[in-house]
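**Student:** Read top to bottom, the protein sequences are chains C and Y. When we follow this note's numbering, the leftmost residue of the first sequence carries the number 914, and every step to the right adds one. When we follow this note's numbering, the leftmost residue of the second sequence carries the number 798, and every step to the right adds one.
No wet-lab data here; the hints were simulated from the structure. Be a bit skeptical, because a hint or two may be false.
What the hints assert, rightly or not - DSS-like cross-link-like pairs, simulated, lysine-lysine; straight-line CA separation at most 30 Å:
#	chain 1	residue 1	chain 2	residue 2
1	C	Lys1251	Y	Lys907
2	C	Lys1179	C	Lys1134
3	Y	Lys907	C	Lys1210
4	C	Lys1269	C	Lys1293
5	Y	Lys821	C	Lys1251
Because the structure is a prediction, the values reported are computed rather than measured.
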Amino acid sequence: MIRLMIRSHPRRPVAPAKEQAAPRDSEAFWQGRLGYSQAVVVCAVAFAFGMAMHASIGYRLPATLNPFVWLMALAVPVSLVVGRVGRHNRIVHWLTGIPMAVTTTTAVGILALIGGVVPESWFQQRMGVESMWGSWPFLVLVDLMMVNLCGSVGKRIWPLTYSNIVYQMSHLGLAISIAGGAIGAVTLERHIMVLFPGQPMTIAYARDESEIKLPFEVELKEFQMDFFPPQAALARLDPSYEDGFDLVPYGGFLGQGTSHRIAEDKVEVQQFRDGAVYAGDEGWKHAPWKTTGPAAKVKVTLPDGTGETGWIAAGAADTPQSHLRISDGLALVMLDPKPKEFRSLITIRHQGREIKKTLKVNEPITVEGWTLYQLSYDDKAGKASAYSTLEVVRDHGLPVVYLGMALMVLGACLHLWNGVGGKAK
Amino acid sequence: MTLLAQLALGSWIAGSAAYLTQKKRAWIGDVLMMLGILSGVLFLGILWASLGRPPLRTLGETRWWYAVGVPVIGCLIGWRFQTRALAVPSCLMGALFAWINLAHPETMDKTLMPALQSPWFVPHVIVYMVSYSALGLGSLMAAWVLVKRLLRREEVQPEDADTPHRLVLVGLPLLTCGLLFGAFWAKEAWGHYWTWDPKETWAFLTWAAYLTYLHVRQRHQLKPVLALSVLVAGFAVLLGCWFGVNLLPTAQESVHTYTRTE
């Protein structure tokens, strides 16, 4: 303040202090040392601005025209340069400093906390926005965080000392990842494709159910599914439970000749069928069809030596569920076998070429810039599912995101090395 | 197998008692702590073999990794920086988590859903659990320092924050790697690296909390109370991410299901 007064009136005698106009509180607030208080005010203003955008413009703009999404990507080069060139300026220094970093991270964290606790349906019904993550206040605050992040990298981009390189890897890596995510938010194409055996498809469906023509054709040859062996559980009748019984599960697998202890009861499997149909007095007969489920003939021995022998079955599309009643209020049941793997045998046709592939969870296939993922199936029909659902994704921001993430991993490794090596301050 | 877990629990409790009462013969505590770690590691190995899959799927299974991971981290950091300050808290924390698991045994289910059958599964969860061990221990130490100084009506000294800070310097880079491994895996399994799924959101919050600690510490090294308080709060967020998120209404909206027909 004094320095500014001297600059403004260099040749005038300094007036007695009591005759000077007292500086307004707001001026003193911004002209003094900039720190957390000012950062909180800036974040509050940014939030208020976001709310004003929410109330006025709303969410009619598509992501491709949202200036704050673009700003996230543009913040990287612009803030880098401004942070570097203006590093001696008190405003730039503060905007790119730790108080602003802590405050913006906290502000984004508070909104993320709300987004992580409140169901999305609330945002959709009460706020008219799909989720917190696309809301104006969140985007504006993330932009502010990006300005701080990238500006801080600009400040320390030179000289290339070891500590600056480690700093840049983690900070610039994060900034690049967020910028790539922003590019992805604008350009990401993520659609659903439902395949039926023998029906070639070139159409996928967007989230708004519009049809998207793909540059290739996919045909489902067969949908296959493997299950873990079935598991058993003791069902005790207990009205205090919602379903009317308490289920005591057992983690082991049922199989031919296996023996198990469920709670205090001994369970021995005398006969086991992978797929079986009920054959009246003859028990369950082997029938390895897609619409049948497993069945087992078991002997249950209670701690007092008494017990029961009979068939249990999980039930499937063509077969009923069957349990073994052991005593009043106690029965042994077979649980639905859990999926081990499901896969689609597909043929992809593109420009006269034909590629045969097996698509599994965790093993996507990339064709012409599109990546195909095994998403789901008719879970009620199980292995007899009449269709297979794929997800087709194209994300132009992905290489940028991966570059940022790779830098972050490298930065984290170097930070870890510093931490273990005891170099950290 | 349960015997090994009980041996680990007993060794860590006895180790803590030895460290507290036999200060001139600290080697007794060291031996007991190592015995607990060996029993715990052996228990995890046998559990892995008996299940036929990595025992990293359920909360109970991850608690076992945490129970073993905390004393391991306490041991390694203590050895690296020539301090036994971590010995008692790490033994007690390991014992607490082992006791929780023994008191509430889970059904050891051998199944592993298709999405978890990925090369990313083991590194992602193990890196996370080692990170949680270091960060949890750091937060516990921070809480201990704050309470101790408060009860004695003394000012918290900068050197009080050194050991918790060292643990964060180990835990936070690992947390970063765990988070990114999860993102790489999500891209392979679900088509997108980040969907603000409730679990992802809480993972971000945990990461942001510890990042905030690091920045506050960097800025206010001579006033460690603030940074240590952030560190304690960070552990509350971490526990929210690990256990609490499953209890929230948003957990029903998780995209980490893959049998939907949309």
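**Student:** If a hint holds in the structure, say so; if it does not, say that too.
**Tutor:** Tested hints:
1. With a CA separation close to 10 Å, the supplied pair Lys1251/C and Lys907/Y stays within the 30 Å bound.
2. Pair hint Lys1179/C plus Lys1134/C does not hold up; C-alpha atoms about 44 Å apart against a cutoff of 30 Å.
3. For the hint pairing Lys907/Y with Lys1210/C, the CA-to-CA distance comes to about 22 Å; that is within 30 Å, so the pair holds.
4. A hinted pair counts as satisfied when its Cα atoms are at most 30 Å apart, and Lys1269/C with Lys1293/C qualifies at roughly 28 Å.
5. As the CA atoms of Lys821/Y and Lys1251/C are separated by approximately 56 Å, the hinted pair breaks the 30 Å bound.
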